[in-house]
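Peer 1: Single-letter residue listing:
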Amino acid sequence: MPMPLGAAAASRRKSTTEPAAVRWLLTGVALLFVALFLVVPLAAVFAQALSEGFGVYFRSLGHPDTLASIRLTLLVAAIAVPLNLVFGVAASWAIAKFEFIGKNVLSTLIDLPFAVSPVISGLIYVLLFGLNGYFGPWLAAHDLKIVFAVPGIVLGTLFVTFPFIARELIPLMQAQGTEEEEAALSLGAGGWQTFYRVTLPNIKWGLLYGVILCNARAMGEFGAVSVLSGHIRGLTNTMPLHVEVLYNEYDFVGAFAVASLLTILALVTLVLKSLAEWKFKLELQAGHRGKDGAP
Amino acid sequence: MSIEARQVTKHFGTFAALREVSLRVETGELVALLGPSGSGKTTLLRIIAGLEDPDPGGGQVLLHGQDVTGRHAGSREVGFVFQHYALFRHMTVFENIAFGLRVRPRRMRLPRQEIDRKVRELLQLVQLEWLADRYPAQLSGGQRQRIALARALAIEPKVLLLDEPFGALDARTRQELRRWLRRLHRELKVTSVLVTHDQEEAMEVADRVVITNAGRIEQEGTPEEVFHHPANEFVMNFLGHVNIFHGRVEGGKAVFGTLKVDFPGEGTSERQSVRGLVRPYNLDIATRLDGRAGFRATVRHINAAGPRVRVDLLADTGESVHVELAHERFQTLGLAASQHVFVIPREINVFADGGQGDDSAVL
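Read top to bottom, the protein sequences are chains A and B. Everything in the first sequence is counted per this note's numbering, starting at 805 for the first residue and increasing by one. Everything in the second sequence is counted per this note's numbering, starting at 12 for the first residue and increasing by one.
Source of the hints: derived by calculation from the structure; they are not laboratory data. Note that CB positions come from ideal geometry on N, CA and C, so glycine has one too. Keep in mind that the hints are not guaranteed to be accurate.
Covered by chain A, according to a simulated footprint, are these stretches of chain B (three or more residues, beta-carbon under 8 Å) [as the list claims (entries may be wrong)]:
1. 54-64
2. 91-99
3. 111-123
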């Protein structure tokens, strides 16, 4: 039936939008939820940390055990993130660009750490390297310490954060296909030149996005690390573990002061993540566009 | 530089993409590999380029008489142009073209100014100097493919391989680029192989056409040869529209209803089924037979919009028939829908099963 343009537009608007009351209600509920469950706790962390003033706040942050936990957390992340960067890029490169037997198995194994509870991941290493574990006696005989020591914490963190980078890169690399690499090879570039001149620039934002997520988890991991660390103050306590220790000792200001650092880390991560995500989406779209061949 | 593939076999899992294919391309030639998708033409091209290896022991590839089987793609001095351009998306047009020159080992690399000069030259050759600082995403499909070609030519390849280079472009751009490629080839004289599934493209661009099907080569020859003397039913069917009539051998003749064609084909037996293939423009329409060989049909639909008039008919045998007439002929006949007429073939190609006894008859 013929209808004047304006009327058609008006009826379309009506059919795709809810009445104003419903819109306000839904938005209100969402905002209330965010305020109650995200903003209030966030504010509470800082309120508690600063409840006895800045002086006490900085003094508790300056405590040797706290400083040790910060150093340990940074150390663990500094080892785990670069290693996972290398593993993640290698695994996604293999999965996205090559056909081989066992590809599906590898692809599933990468997701394993997501599927397993972090506590179980920790226990696996205790089972392997603990005093009563498979390699325990041998390690003890050679005076090597893994469980209840820094190597164990690094291992647990590595395991838990393994999927983050690969999971971001695999779909991106698959969308981009192998044609650019093939073009580079046929133009005389070697494997390594192809990787750092063609592949790496094409995935840089996706990679950064993965690294940010990986780093956030590496610094915030509690479960696996808790099982493996042994909670030795000033030696094997990472920041999340240190928060728990302080809290259990009723040192609320101390606990929340460390927690506030982790919160700041989370906020910085969030900002960086959004930035990388935005660029990463452009990259992914370009990947799909390039494949379709549309101008 | 000549290209030769000897008995090349390639499997993907259990799928045989190429079965003992041999091909020779002479220096300076432009050869089109033409075939339906899955016929193995792209696989053969990629094997020549070194982007894919033949099965172990599955044949050899020779460039200028030298066995390069198993040699790295980068060392074959082959320029490859991809269907979807495969331009480096994070590099400018200039950097894309310069890529092949920049990745050379230091002792073989040209000085910076030389590279700059050469890239400018190539941009001029593909007539896109003004796009040097753009990124691939900012170009049209036709521009991208010309840049891809310039990039492939930068390394001064001895051989140029093009994998469906115009496949992703719109019809008009495709036309333009075909002619442009033809001119470019005449200028540069670089041995080239073009893969395409578009028979018109192959016929227009190539010196020689190689028709592939199901991992084998069906026929090779100049465009005229393969078009006018198809070696078998597949080739004839693939190279343009055909009418297919089903008939049988009876006393040295192929019989299609009321139409009888001499068919001396050896190795055929009595009552064997045969197929007669006729191009639409090799069929005429008449209101009376006047002693000519033909069959009865009813006009179903007439389409006069185009260089020739296309007429759809239904033969009395129940087969549908497509005829192309010159406008003058159509005017003389004064055809109308549901009119009863005779269809008279001028030339019919008769094929028996198993490719034996193929014969074409001019009536």
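Peer 1: The structure should be examined with respect to each hint, and the outcome stated for every one.
Peer 2: Verification of the supplied hints:
Requiring three or more residues with a Cβ within less than 8 Å of a Cβ of chain A, the coverage given for the region 54-64 of chain B holds, as 3 such residues are present. A stretch counts as covered by a chain when three or more of its residues have a beta carbon under 8 Å from one of that chain; for the region 91-99 of chain B and chain A the count is 8, and the coverage holds. Counting residues of the region 111-123 of chain B whose CB falls under 8 Å from any CB of chain A gives 3; the rule of at least 3 is met.
Consistency with the previously given hints is maintained throughout, with no hint failing.
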